[in-house]
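Each chain, letter by letter, is given below.
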Amino acid sequence: MDRLGEIIREKGASTALIIGVFVFWELFCLMAGISDILLPRPSQIIKALIQYWPAIWPHTWQTLYTTIVGFGIGVVIGLLLGILIGSSKLAYDTAYPLLVGFSSIPKVAVVPILVIWFGVGWLPPVLTAFVISFFPIVVNVATGLATIEPETEDVLKALGASRMDIMTKVGIPRSLPYLFGALKVSITLAYVGSVIGEQNASNLGLGNLITRASADFNVPLIFAALIVLAILGVFLVAIVDLVESRMTGWAKRSQLGNA
Amino acid sequence: MNAILTDIRPGETAPAATFIEFEQASITYGRGPKAVQALAPTSLKIAEGDFVALVGPSGCGKSTILKMVGELLKPSTGHVFVAGREIGATPIRIGMAYQNPTLLPWLNIRDNVMLPLKIVPPFRQHYRAKRKGEYRDRVEALLAQVGLGGFGDKYPWQLSGGMMQRANLCRALIHDPDLLLLDEPFGALDQFTREELWAIMQDLWLSKKLTVLLVTHDLKEAAYLADRICVMSARPGRILDDSPVALARPRTIDMTFEPDFVALNQRLRAMIVGARGGTGIVNHAPGAA
Chain A
1 MDRLGEIIRE KGASTALIIG VFVFWELFCL MAGISDILLP RPSQIIKALI QYWPAIWPHT
61 WQTLYTTIVG FGIGVVIGLL LGILIGSSKL AYDTAYPLLV GFSSIPKVAV VPILVIWFGV
121 GWLPPVLTAF VISFFPIVVN VATGLATIEP ETEDVLKALG ASRMDIMTKV GIPRSLPYLF
181 GALKVSITLA YVGSVIGEQN ASNLGLGNLI TRASADFNVP LIFAALIVLA ILGVFLVAIV
241 DLVESRMTGW AKRSQLGNA
Chain B
1 MNAILTDIRP GETAPAATFI EFEQASITYG RGPKAVQALA PTSLKIAEGD FVALVGPSGC
61 GKSTILKMVG ELLKPSTGHV FVAGREIGAT PIRIGMAYQN PTLLPWLNIR DNVMLPLKIV
121 PPFRQHYRAK RKGEYRDRVE ALLAQVGLGG FGDKYPWQLS GGMMQRANLC RALIHDPDLL
181 LLDEPFGALD QFTREELWAI MQDLWLSKKL TVLLVTHDLK EAAYLADRIC VMSARPGRIL
241 DDSPVALARP RTIDMTFEPD FVALNQRLRA MIVGARGGTG IVNHAPGAA
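First to last, the protein sequences are chains A and B. 49 is the number that this note's numbering gives to position 49 of the first sequence; each next residue is one higher, with no gaps. 218 is the number that this note's numbering gives to position 218 of the second sequence; each next residue is one higher, with no gaps.
Since the hints were made in silico from the structure, they are not lab data. Be careful, since some hints might not be right.
What the hints assert, rightly or not - To spell it out: a stretch of chain B is covered by chain A in this simulated footprint if at least three of its residues, at any positions, have a beta carbon under 8 angstroms from a beta carbon of chain A; those stretches are:
(1) 70 to 83
(2) 95 to 106
(3) 117 to 125
Stated by the list, open to error - Each computed BS3-like pair below joins lysine-lysine, with the alpha-carbon atoms no more than 30 angstroms apart:
(4) A/K157 / B/K34
(5) B/K130 / A/K169
(6) B/K209 / A/K157
(7) A/K157 / B/K132
(8) A/K89 / B/K34
(9) A/K169 / B/K132
(10) A/K169 / B/K154
(11) B/K74 / A/K89
(12) A/K157 / B/K208
(13) A/K157 / B/K130
(14) B/K45 / A/K157
(15) B/K154 / A/K157
(16) B/K74 / A/K169
(17) A/K169 / B/K118
(18) B/K118 / A/K89
(19) B/K74 / A/K157
(20) B/K118 / A/K157
To be verified - Cβ-Cβ distance ranges computed for the label pairs, FRET-style:
(21) A/L84 / B/T252: 50 to 58 angstroms
(22) B/P122 / A/T168: 16 to 24 angstroms
(23) A/V185 / B/Y127: 30 to 38 angstroms
(24) B/A144 / A/G101: 52 to 60 angstroms
(25) B/F192 / A/A238: 45 to 53 angstroms
(26) B/D203 / A/T168: 28 to 36 angstroms
(27) A/L84 / B/A144: 42 to 50 angstroms
(28) B/Y127 / A/R9: 44 to 52 angstroms
(29) A/V185 / B/A35: 39 to 47 angstroms
Quick reminder that beta carbons are idealized off the backbone N, C-alpha and C, glycines included.
Given only the sequences and the hints, what does the whole structure look like? Please build it.
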C-alpha cells in the first residue's frame, strides 16, 4: 500500500496535468462555442469512443499487430545489420553514407511503391513500419560496437582475445543501452509507419479508420481513434522502458556513480 | 595443442635469460611526406623477471614500446623477439593495465577480474566447470591480496578510483601472466593512494616474480618500483639512458626521502628535461641533449 501511495505521489503531477488539459479543452470549446465538426469536446470524444467501440476495437488490434510485426522485423534486421556494420571500422565507414542516404528518404514516399509491389492490404503497413523503424537500431548498435574504448580493446587483445571474444564479451553487452535507446525511438516510429501505411495502403487498422471517418466528416470518431492511438503508443513505449530498465540498469547506475 | 604450447613457460630452462628483445625496432605512422616516426630504431633487452620502467617526455614512444610487446603494434622495421623467437611464435601470457581501469560496468568486480579466465587458454576450456569453484576462490584470494577482500559483489561504480585500479591490477594478473604491461596505471590517483598502490604492486611482483614493463611519467614511481629505468628522448623516441636501480627490496616510502633515491630522481629528471629540449624553467636543466 505504501508503495502504491508513493507511485500516486510520483505520478500525481503528471496525472493532474493530463486531467487539467482535458478540462481546459472541454471548457474552452464550451465557452467559445466551437462546433464538434471542427474540434469535439473530450466528453463528445468519450461518447464516440463508447458508441463506436465495436468498430474501433478490431482496428486497434490490427494496428497493434502491424506495429509489433513491423517493429519485430525491424529489430531483427536492424540488429544483424548493426552488428555487421559495427564489427569493423571499414564496414562502418563504407556503409554509413548509404544508410544515412536511405534514412533521409521520407518513408511516406515509399508507401506507393509498396502498394505497387504488394497491393493494398496488411503487408504494406507492416513493411512501412519495418522500413521506418530499423534504421535507428542499425546506427545505435553499430555505434555501440564501434566505440569500444581502445584501451579495453587493447587489454583484451593482449590477453589473446579473438574478434568474436571481444564482440560477445564486451561489444554486445556494451551496446545494449544504445540498442534500448534506439528501441524507444523505433517503436514510436514503427507505430507512425503502420498508421501511415494503413492510411494509404490498407483497408484495415486505425489509420484506415481515420481516413474513412474523415471522408464522412465524423470528427468525433477521428478523435476517438487518435485517443486510442495515444494510449496504445504510451503502452508500447512503457513496455520497452520496462525491458530496458531490467536489462541495462547498470548504464544508468554507473552514470550516477561517475557524477 | 594449446595445452602443450602454454605449458612451456619461457625461461624455465634458462633462468634470467633474455625474455624480450628489441632489435632495431622502429615505428612509423603514416606514409610518404606525412609519415611520423614515433619510435627511432631501438634495441632493448629485458630479462626474465625484470621490472623495467620506461620514462620520458610525453609522446616519446613509451607506450609504443609497450604495444609492440603486447602484439598490438607491429614494428615498421626491425624485430621484437620473445623468448628467443619472433614475437607471436611463442604464445606467452600477457596481462595489461592502463590508467583508465576499463572495468566493464555491467559486471561486478569478481566477474571483471575473472574475465581473462574466460579468454586465455587453458583457463577458458574449463571456465564453465570451474567458475563457481576454483576460479572464484582464485579471484577472491587475489582480491584479498590487494585489499579488496569482500568487494567481489560490488560494481565498478561503487568503488573509488584507487579501488578500481586495484581491481584492474587483479584482472591483469589473474591468469598468471608471464609478462605484465602497465601504462601509467596509477597516473590518475592522488598521491597517497598512489603510494599505497606502489606498495601493493611491489608485493605482487615479489610474490609472483613475473616480468613487468611499466610506462610512467612519475620518476618517483619508476625508482620505487623498477629494477631498471630506461629514459627516452622526445619524438622520435629512442633510449637515452638505461640505469639499474640499486635500492634494496622491499622498498618503502621512507626510502624515497633518502639521499640515494633523491639523487637518482634528480639525475633522471635532468635527463628528461634535457630530452624535452630544456625549457629553461628548471634551474638544473643542462640544456638540450
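A quick look at each hint next to the structure:
1. Residues of the region 70 to 83 of chain B lying with their CB closer than 8 angstroms to a CB of chain A number 3, which satisfies the three-residue condition for coverage.
2. Here's how the region 95 to 106 of chain B fares: 9 of its residues keep a CB closer than 8 angstroms to some CB of chain A, so the rule of at least three is met and the hint holds.
3. Counting residues of the region 117 to 125 of chain B whose CB lies closer than 8 angstroms to any CB of chain A gives 4, so the stated coverage by that chain holds, three being the minimum.
4. Proximity of A/K157 to B/K34 is assessed by CA-CA distance (about 28 angstroms); at most 30 angstroms being required, the pair is judged to hold.
5. A hinted pair counts as satisfied when its Cα atoms are at most 30 angstroms apart, and B/K130 with A/K169 qualifies at roughly 18 angstroms.
6. The straight-line distance between the Cα atoms of B/K209 and A/K157 is roughly 23 angstroms, inside the 30 angstroms bound, and the hint therefore holds.
7. The suggested pairing of A/K157 with B/K132 holds, with an alpha-carbon distance near 25 angstroms, which does not exceed 30 angstroms.
8. Restraint check for A/K89 and B/K34: the C-alpha separation of about 22 angstroms stays at or below 30 angstroms, so the hint holds.
9. This hinted pair checks out: A/K169 and B/K132 have alpha carbons roughly 18 angstroms apart, not beyond 30 angstroms.
10. Among the hinted pairs, A/K169 with B/K154 is consistent with the structure: their alpha-carbon atoms are about 19 angstroms apart, no more than 30 angstroms.
11. In summary, the hint linking B/K74 to A/K89 is supported, as the alpha carbons are separated by about 19 angstroms, within the 30 angstroms threshold.
12. Simply put, A/K157 and B/K208 have alpha-carbon atoms about 23 angstroms apart, close enough for the 30 angstroms limit, and the pair holds.
13. Distance check on the hinted pair: A/K157 and B/K130 sit about 23 angstroms apart at the alpha-carbon level, within 30 angstroms; holds.
14. At most 30 angstroms may separate the alpha-carbon atoms for a hinted pair to count; B/K45 and A/K157 meet this at roughly 23 angstroms.
15. For the hint pairing B/K154 with A/K157, the CA-to-CA distance comes to about 26 angstroms; that is within 30 angstroms, so the pair holds.
16. Simply put, B/K74 and A/K169 have alpha-carbon atoms about 25 angstroms apart, close enough for the 30 angstroms limit, and the pair holds.
17. In summary, the hint linking A/K169 to B/K118 is supported, as the alpha carbons are separated by about 9 angstroms, within the 30 angstroms threshold.
18. Of the pairs offered as hints, the one joining B/K118 and A/K89 holds, with about 25 angstroms between alpha carbons and a cut-off of 30 angstroms not exceeded.
19. Using a Cα cut-off of 30 angstroms, the hinted pair B/K74 and A/K157 holds, with the two alpha carbons roughly 14 angstroms apart.
20. With a C-alpha separation of about 13 angstroms, the suggested pairing of B/K118 with A/K157 holds against the 30 angstroms cut-off.
21. The hinted window of 50 to 58 angstroms between A/L84 and B/T252 holds, with their beta carbons roughly 55 angstroms apart.
22. For the hinted restraint 16 to 24 angstroms between B/P122 and A/T168, the CB-CB distance of approximately 20 angstroms keeps it satisfied.
23. Taken as a hint, the range 30 to 38 angstroms holds for the pair A/V185 and B/Y127, whose Cβ atoms sit roughly 37 angstroms apart.
24. Restraint check, B/A144 to A/G101: a C-beta distance of roughly 56 angstroms satisfies the suggested window 52 to 60 angstroms.
25. B/F192 and A/A238 have their C-beta atoms about 48 angstroms apart, which keeps the hinted 45 to 53 angstroms range intact.
26. Between B/D203 and A/T168 the beta carbons are some 35 angstroms apart, a value that agrees with the proposed interval 28 to 36 angstroms.
27. The supplied range of 42 to 50 angstroms is met by A/L84 and B/A144, whose beta-carbon atoms lie about 44 angstroms from each other.
28. With their beta carbons about 47 angstroms apart, B/Y127 and A/R9 fall inside the hinted range of 44 to 52 angstroms.
29. Against the hinted window of 39 to 47 angstroms, the Cβ-Cβ separation of A/V185 and B/A35 comes to about 44 angstroms, which satisfies the hint.
Of the numbered hints given earlier, the model fails none.
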